[in-house]
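**Student:** Read off the chains here:
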Amino acid sequence: MGEQKDYLGHFEEIVLLAVLRLGENAYGAKIRQTVAEATERDVSIGAVYATLDRLERKGYLKSWQGEATPERGGRAKRYFKVVGAGVQALNDTNAVRSKLAGALGFDAA
Amino acid sequence: MSKSVERMVNARSHEVYPLGDEHTFETLEDEQLFKTLKEAAKQALIEMQEKRLKEMKTSFDLQSHIAPQLGERLLLLVLSKEERVNIPGDLEEEYRGIAAKHGARYAKLWYYKQVAASAWPIVRKAVSLGLLAWVAEWIRRRA
Numbered sequence: 001m002g003e004q005k006d007y008l009g010h011f012e013e014i015v016l017l018a019v020l021r022l023g024e025n026a027y028g029a030k031i032r033q034t035v036a037e038a039t040e041r042d043v044s045i046g047a048v049y050a051t052l053d054r055l056e057r058k059g060y061l062k063s064w065q066g067e068a069t070p071e072r073g074g075r076a077k078r079y080f081k082v083v084g085a086g087v088q089a090l091n092d093t094n095a096v097r098s099k100l101a102g103a104l105g106f107d108a109a
Numbered sequence: 001m002s003k004s005v006e007r008m009v010n011a012r013s014h015e016v017y018p019l020g021d022e023h024t025f026e027t028l029e030d031e032q033l034f035k036t037l038k039e040a041a042k043q044a045l046i047e048m049q050e051k052r053l054k055e056m057k058t059s060f061d062l063q064s065h066i067a068p069q070l071g072e073r074l075l076l077l078v079l080s081k082e083e084r085v086n087i088p089g090d091l092e093e094e095y096r097g098i099a100a101k102h103g104a105r106y107a108k109l110w111y112y113k114q115v116a117a118s119a120w121p122i123v124r125k126a127v128s129l130g131l132l133a134w135v136a137e138w139i140r141r142r143a
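Chains as they are written, first to last, in the numbering used here: chain A, 1 to 109; chain B, 1 to 143.
Careful: at least some of the hints might be erroneous.
No more than 16 Å apart at the CA atoms, straight line, and that leaves these computed lysine to aspartate or glutamate pairs for EDC-like [stated by the list, open to error]:
1. A:K30 to A:D6
2. B:K108 to A:D53
3. A:K62 to A:D92
4. B:K101 to A:E71
5. A:K58 to A:E12
6. A:K58 to A:E13
7. B:K113 to A:D42
8. A:K81 to A:E12
9. B:K81 to A:D53
10. A:K81 to A:D53
Label pairs and their in silico Cβ distance ranges [what the hints assert, rightly or not]:
11. A:A68 to B:E26: 24 to 32 Å
12. B:L74 to A:R57: 37 to 45 Å
13. B:G130 to A:Y7: 58 to 66 Å
14. A:D53 to B:H102: 51 to 59 Å
15. A:K58 to B:R124: 19 to 27 Å
I should point out that these hints are in silico values taken from the structure, not numbers from a laboratory.
Remember, it's a predicted structure, so these values are computed and weren't measured experimentally.
Ideal Cβ placement from N, Cα and C applies to all residues, glycine included.
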């Protein structure tokens, strides 16, 4: 059957796409805002971080501590970046969706 | 150097040479120099006041939109050591933005909703584990 692929969960995919979209500005609060705007739901910061941590453990993201600012009460930001395996997981998940949805006439994009 | 020029040269602010005073100058050069220094002192004073006002406004903005302390303490109770480094900062940053846009009351409501939504899965897990531990202990005693 070939190489075993890992497919992303619904929220994992959304979070990963938000990180990709934000580029260099991908840190906790901004990721949460982006996901909330895209889904039109007020997602909790806890849920976002739980997903980010899970994706990092899977090797799809890497993170590092950024600068602290007065607006954050002197606390540092945690930045995220999608790595190669994360992009591959996104492609694989999208390919499966296209395969299944396309045959049904849904817009898989 | 004339005394009037000496005073002007030593003057560093409007306290030394209050604006609007009339002076008698020995030469036209002294008068020109005085006018230049007076104008420079006036400009420096305006810039200093603007800078001070800006700092006060920034300080006020930061002070007036501080995240609810009780909410933050509740959050810190349930977060892990690693999560405590970043999550409170993220929420505070968003809180300030929301407070500036929609007001402090709305922002507080949003903040407590975030705390509850973030804490609930952790509390639920702890309760379920607690319940499991209680059941395990009950079975052990019955055995």
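**Student:** Given the hinted pair A:K81 and A:D53, is their alpha-carbon gap at most 16 Å?
**Tutor:** Holds. A:K81 to A:D53 sits at ~12 Å (cutoff 16 Å).
**Student:** Given the hinted pair A:K58 and A:E13, is their alpha-carbon gap at most 16 Å?
**Tutor:** Holds - the C-alpha atoms of A:E13 and A:K58 are around 13 Å apart, at most 16 Å.
**Student:** Given the hint of 51 to 59 Å, is the C-beta distance from A:D53 to B:H102 inside that range or not?
**Tutor:** 30 Å, violated
**Student:** Would you mind confirming whether the straight-line C-alpha gap from A:K58 to A:E12 stays at or under 16 Å?
**Tutor:** 11 Å, holds
**Student:** Taking the Cβ atom of B:L74 and the Cβ atom of A:R57, is their distance within the range 37 to 45 Å?
**Tutor:** 27 Å, violated
**Student:** Would you check the hint for B:K113 and A:D42, treating anything up to 16 Å between C-alpha atoms as holding?
**Tutor:** Given pair B:K113, A:D42 holds - Cα atoms ~9 Å apart, limit 16 Å.
**Student:** Decide if the proposed pair is consistent with the structure: B:K108 and A:D53, CA atoms, cutoff 16 Å inclusive.
**Tutor:** This hinted pair is violated, its Cα atoms lying about 27 Å apart.
**Student:** Straight-line Cα separation of A:K62 and A:D92 no greater than 16 Å?
**Tutor:** 20 Å, violated
**Student:** Return holds or violated for the Cβ distance of A:K58 and B:R124 against the range 19 to 27 Å.
**Tutor:** Check passed, 24 Å falls within 19 to 27 Å.
**Student:** Okay, A:A68 versus B:E26 on CB: inside 24 to 32 Å?
**Tutor:** 58 Å, violated
**Student:** Please work out if B:K101 and A:E71 have their alpha carbons no farther apart than 16 Å.
**Tutor:** 15 Å, holds
**Student:** Between A:K81 and A:E12, is the straight-line Cα distance small enough, at 16 Å or below?
**Tutor:** Holds. A:K81 to A:E12 sits at ~14 Å (cutoff 16 Å).
Comparing the model with each numbered hint stated earlier shows that hints 1, 2, 3, 11, 12, 13, 14 do not hold.
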